[in-house]
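Plus 128 on top of the position in the sequence shown (first one is 1) and you've got the working numbering.
By construction, these hints were calculated from the structure, which means they are not laboratory data.
A portion of the hints provided could be inaccurate.
Calculated lysine-lysine pairs in the DSSO-like style (CA-CA distance at most 30 Å, straight line) [what the hints assert, rightly or not]:
hint, residue 1, residue 2
1, K256, K227
2, K238, K327
3, K238, K227
4, K327, K133
5, K238, K133
6, K238, K256
7, K227, K299
8, K133, K227
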Amino acid sequence: MALDKNLACYRLFQLFSPSLPIGGFTYSQGLEYAVEAGWVSNRQEFESWLMNVVMSSIATLELPILEKFYHATNRAVTDEAIASIEHWSEVLYASRESKELRAEEVQRGKALNTLLRQLNMDMTLVDKMTQSPNQLIGMCIAAHHWQINLEQLTEGYLWSWLENMVTAGVKLVPLGQTDGQRVLLSVTECFPDAIARAKRTEEWMISSFTPSLALASSLHETQYTRLFRS
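Produce the entire structure from the sequences given, and follow the hints as far as they go.
Structure below.
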């Protein structure tokens, strides 16, 4: 059954809502250690940190793989579709450079898959996979079920990631609520460039280069006091 265009838009909001019970608010992706170490101590440094992640990881890794998953989940559940998804899942995991980042990918994937089953979505493709789950596959399954197009899904993913990170940054740096809004305004200005870079990224180029994030996430594992799981 075709969804009303506005209803599909509301489903997009639902998929990327902070209230979605997959635990997105429990992760800082290395930011907690970066603040502890003095690498991020004010709004400007926080914006720089986020923009670097957007342009050097999300635009060149997550968004290209999200597109691969979106097209694969739009086909019949064939051996070819499963092989494509498992290959790019392996690339995604291999690009998560710390134990915490890999665990986050799996934990959020499991939580989203559980939710989608409870919402009566067809999870046959996930059931046939041998790789550990990740949240990008579940997002694409939900997008097709709710008739969310790839452009909307991409924009929603970017916004959801940024909103979660700013929520963490307001607590950790710390920032005032108004400065948090300023960060949202500033970083979203690079989203069109990030989407354009993702579209230019060929298969052999799909990767991330965020050494500071990798170091921060690794060192976060032994940080004495922690609010976040990564």
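Hint check:
1. K256 - K227: 25 Å, holds
2. K238 - K327: Given pair K238, K327 holds - Cα atoms ~28 Å apart, limit 30 Å.
3. K238 - K227: Holds, at about 16 Å.
4. K327 - K133: 25 Å, holds
5. K238 - K133: 29 Å, holds
6. K238 - K256: At roughly 15 Å apart (the allowed maximum being 30 Å), K256 and K238 satisfy the hint.
7. K227 - K299: 24 Å, holds
8. K133 - K227: 40 Å, violated
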